[in-house]
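J.: Chain by chain, the residues run as shown.
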Amino acid sequence: MDTRKEVLEILEELHPDIDFETEKSLIDDKVLDSFDVVTLVTELGSAFDIEITAADMVPENFNSLDAMTEMVENLLAEF
Amino acid sequence: MLFTSYEFIAFAAILLLLYYILPKTAQKYVLFCGNMIFYAVTGWQNLIFLFVTICTTFGAALWVDKNLKAQKEQLALHKADWDREQKKAYRSGEKTKRKMAVAIAAIVNVGLLAFVKFPHTQFQFLMPMGISFYTLMSLGYLFDVYRETQEAEKNLFRYALFVSYFPQLVQGPISRFNELSETLFKEHDFEGKNITFGLYRILWGFFKKLVIADRLAVAVGTISGDFGTYHGSYIFLEMFLYTIQLYADFSGGIDVTIGLSEMFGIHVTENFIRPYFSKSLKEYWRRWHITMSTWFRDYLFYPISITPWMQNLSRFLRKKCGERVGKRLPVYLASFIVWAVTGIWHGTTSNFIVWGIINWFILMVSEELEPLYEKFHARFIPASRRGWQAFMVLRTFTMLCFLKLFDCYATAGEVFRAFGSAFSEPNPGEVGANLFSLGLTPWDYLVAGCGALLMLGVSLLQRRESVRLQLSKKPFALRAAVGMGLFLVTLIFGAYGVGYDASQFIYNRF
Numbered sequence: 001m002d003t004r005k006e007v008l009e010i011l012e013e014l015h016p017d018i019d020f021e022t023e024k025s026l027i028d029d030k031v032l033d034s035f036d037v038v039t040l041v042t043e044l045g046s047a048f049d050i051e052i053t054a055a056d057m058v059p060e061n062f063n064s065l066d067a068m069t070e071m072v073e074n075l076l077a078e079f
Numbered sequence: 080m081l082f083t084s085y086e087f088i089a090f091a092a093i094l095l096l097l098y099y100i101l102p103k104t105a106q107k108y109v110l111f112c113g114n115m116i117f118y119a120v121t122g123w124q125n126l127i128f129l130f131v132t133i134c135t136t137f138g139a140a141l142w143v144d145k146n147l148k149a150q151k152e153q154l155a156l157h158k159a160d161w162d163r164e165q166k167k168a169y170r171s172g173e174k175t176k177r178k179m180a181v182a183i184a185a186i187v188n189v190g191l192l193a194f195v196k197f198p199h200t201q202f203q204f205l206m207p208m209g210i211s212f213y214t215l216m217s218l219g220y221l222f223d224v225y226r227e228t229q230e231a232e233k234n235l236f237r238y239a240l241f242v243s244y245f246p247q248l249v250q251g252p253i254s255r256f257n258e259l260s261e262t263l264f265k266e267h268d269f270e271g272k273n274i275t276f277g278l279y280r281i282l283w284g285f286f287k288k289l290v291i292a293d294r295l296a297v298a299v300g301t302i303s304g305d306f307g308t309y310h311g312s313y314i315f316l317e318m319f320l321y322t323i324q325l326y327a328d329f330s331g332g333i334d335v336t337i338g339l340s341e342m343f344g345i346h347v348t349e350n351f352i353r354p355y356f357s358k359s360l361k362e363y364w365r366r367w368h369i370t371m372s373t374w375f376r377d378y379l380f381y382p383i384s385i386t387p388w389m390q391n392l393s394r395f396l397r398k399k400c401g402e403r404v405g406k407r408l409p410v411y412l413a414s415f416i417v418w419a420v421t422g423i424w425h426g427t428t429s430n431f432i433v434w435g436i437i438n439w440f441i442l443m444v445s446e447e448l449e450p451l452y453e454k455f456h457a458r459f460i461p462a463s464r465r466g467w468q469a470f471m472v473l474r475t476f477t478m479l480c481f482l483k484l485f486d487c488y489a490t491a492g493e494v495f496r497a498f499g500s501a502f503s504e505p506n507p508g509e510v511g512a513n514l515f516s517l518g519l520t521p522w523d524y525l526v527a528g529c530g531a532l533l534m535l536g537v538s539l540l541q542r543r544e545s546v547r548l549q550l551s552k553k554p555f556a557l558r559a560a561v562g563m564g565l566f567l568v569t570l571i572f573g574a575y576g577v578g579y580d581a582s583q584f585i586y587n588r589f
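From first to last, the protein sequence lines stand for chains A and B.
To convert, note that position 47 of the first sequence is 47 in our numbering; the numbers rise steadily by one, no gaps.
Plus 79 on top of the position in the second sequence (first one is 1) and you've got our numbering.
For reference, chain B alone in the conformation it holds in the complex (with noise of 0.2 Å):
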């Protein structure tokens, strides 16, 4: 069920008028139905894999939570007659077995994960929507108990809840479990606030996807899809078209679910801040899929980065090669580390493995050269005059172009392969003149271009204060013209009918 389609915006209609005339005890078993019934038209078999994720965490986190009380009652038992070495003891075996349960789970979810994401294998049909994103919730949770930083939940129904919330099972975001769970178990009153803030969010999201990320997908296919007859200057053309359409599409799903969720009262936390207006491809990925970078980052490139092993490896390099490699060298080998892994999350095909891996070196040589940079700033140009700040801009967006690219084709390389077309075959002339046989006509491209141009403007609006919050003190004519306005533009210039497909989310597939 496509959250762009006819049945989607019934079942979500249907869904909230269920949601707010039952009884508020029941709104958790309406939320919970209809995450099942969203989930089971992906297909039945999609389910199976959904409950074993669901209850190997649950039980891996409730038997980690039990020995934890267990291991403090013993201490406390023997706190006068144990000495610190054995009280230490006694702490590390727990510990060992409760690392064990936590692998156990962790393993069967990350090998179901490979299982149906490994190319070419046979099963790679069953591939459940979705299980990228639940996978790491669900991971994300247990962890949190294993560390302590998280009370283990008691009622599987109320953690089925979580892991299953459908609005984020297509793209997420990746949420925490104690921040969704803040508003997901509580009961909520109807506020005309959440059901207008919501249902802007849900228009705009329907605008970006609909009316600009589904006509550029039409370029775009026309392009990746046969580099025979598209190639040299094309692929600039396509790698500024793509990076559009993947933040138009993304981000439109990412409103899609916000907005539907604050019209059920609960909060799902941001995935973007402007990501396109960066400075850096460091600041970038603090501003792109920031639910998926932050996770990485908490359960993957800190415990990495602190495991005796690398910590051995720092002490001997900082002995051998002195403080600064000794120090550098361990953070970027689990940097790089984690860099693969999140390619390989996006897909274990090769475009995406090395498009991790350049991601890695990109931030990595930028940190070497952090000195350098500052000298710079100090001789000749200051870091905060607004022309150079507008450049960073530019230059982060054009090397973010390059990096689309991977996701456009199957192999690294072809992504190579079209990189040295688009500079050694240059055909500038040819692509002027066949602008309009890549599936798109003018009018698509002034459409196109005009809401690419909105979406600009607003997240420029966006940097003051939300804005919907802006909006909201506006006169009651004003805001319900923008919400008219903004239904009719997507109705009117939304890409459906001939030649178009109702597309899923790109994130979707990952």
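Here chain A stands alone, though its shape is the one from the complex (with noise of 0.2 Å):
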């Protein structure tokens, strides 16, 4: 499965009410909470086997899908 469709399966299960794919100000607009962001982290990091660290929980990085998925890609590369 690739990353943005196993990235959108977790953030469904997380809101079923939100269409991630048209959001793109997740953060800004206040779509997700900070109990939302530590829930991903924790979500993200046991799918993919990565470690997402405080310095990676800024808003750029949770905006949309395609931050998040991009994101995770990165933190992939690393290895």
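Keep in mind the hints are simulated off the structure, nothing from the lab.
As a list, the in silico EDC-like pairs of lysine to aspartate or glutamate whose alpha-carbon atoms are at most 20 Å apart:
(1) B/361 with A/36
(2) B/358 with A/33
(3) B/174 with A/49
(4) B/406 with A/33
(5) B/454 with A/33
(6) B/406 with A/36
Keep in mind that this is a model prediction, so the values were computed, not measured.
Reconstruct the complex from the two isolated chains, following the hints.
T.: In structure tokens:
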């Protein structure tokens, strides 16, 4: 399964009510809150076996599905 | 050396003169000498504490940076012959080493802070000025290097200049290396705009401190110093006056720091955005002492909330107690730790610790009640209605008045006794009759009241754009009149002389 699809599945499980394909300002528009971000760090970390650190917890990395996919891919590429 | 003393004004003037008449290459040396003199005046032993912090954080950051570079080289070297697991194990081993280096430096510095801050120890007299502020600044820098969001500074002199930068040693703000270093290490031309803008800001800071804060401090001190006499409704008066005093004092000090820095051509981060206009406690903490709140958020709250232990707890709770509890409880737990530490950072006595925990409790309850608020607004009053917004501002201000009382007494027990007395022993008539025997004359109340109203007016004007920027578009005569007027008002109405002590800024004790 490709990374984007897997990230989307995690997001949809967390918030089935949000259209992650169209939302581009999830953090800036407060669609996701700090509870969601912390949960996402846990879920993405264990799904992809990567370590998301506090330094990665910036709005730019969580504002959209594509931004999260890019962050995950960058962390995967480190290995 | 108090910011509001003649010595400080003379010291800053001489430094500015040297800063601009000597060759530009000498500017950083002038500043560094200024830092050392300013700090040595507060006690030579303070320099030892400062240098321990500078050397340990500088050394640890340099080591971390070296280790990161060596790690990159090793990984590049073994790109083809190591598999993912081998690379992961190697990275993990190196990361542990870096973590250890950072932990040692952090323990030394937090230990030093605790050593001088812990109450009732024989060493408290050592309490170096600004240690709470420069410790957080240097640790923030070290953590950034560890997180790879900041390149390590290779030059010890430049780093020492950053940590010891004197205008912010008194009470912050808690600057980040990447923000302050941008202008701190640059060579600056003499610019009239920097001088006049800086001067206006300093004058405004002096006005807030001397005309409002130091005047109100007399009445607040009288009430908090003698609970036996001043209880009941006096407590309401005390909390109201102290809330205004603290803002005038703290933001006034920050105005002096930012204004003086501007005169040197150095940009210092803002620490306040009209905090008393906040509509909730959550919003207030985004607008008050911003550099402290963001420091605790970035270096404590985020790392704690995503520790493996917290992640496991979150998974466990989501499985056992449902999605909502599993998502929220670990965040509240992390937030509790952060607020307890924030309380301890302000002081190790029970009043500060309880203050931190009460802040956490209010924030948590507000968060939980959010869906209820939304239903209420949908059904009864829209949240955007101006009257409702004004009510929210007043409600938050009242809550802050209560919270600020924790600063006024030495223990949490005394604060709760004061709260109890405020509600159970109402004596507004006595307070009204004795209003002018609290150390302030009717004239003082009038001056402080007009000053506070001016502060309110300026805050309202600021909403559009900086008042100084607005003023700069006006004719010269008006600009000069405002500057001269502020100077004269501060000079004439400042709280000096018999009955007043030139007092240090409140946040200097933290």
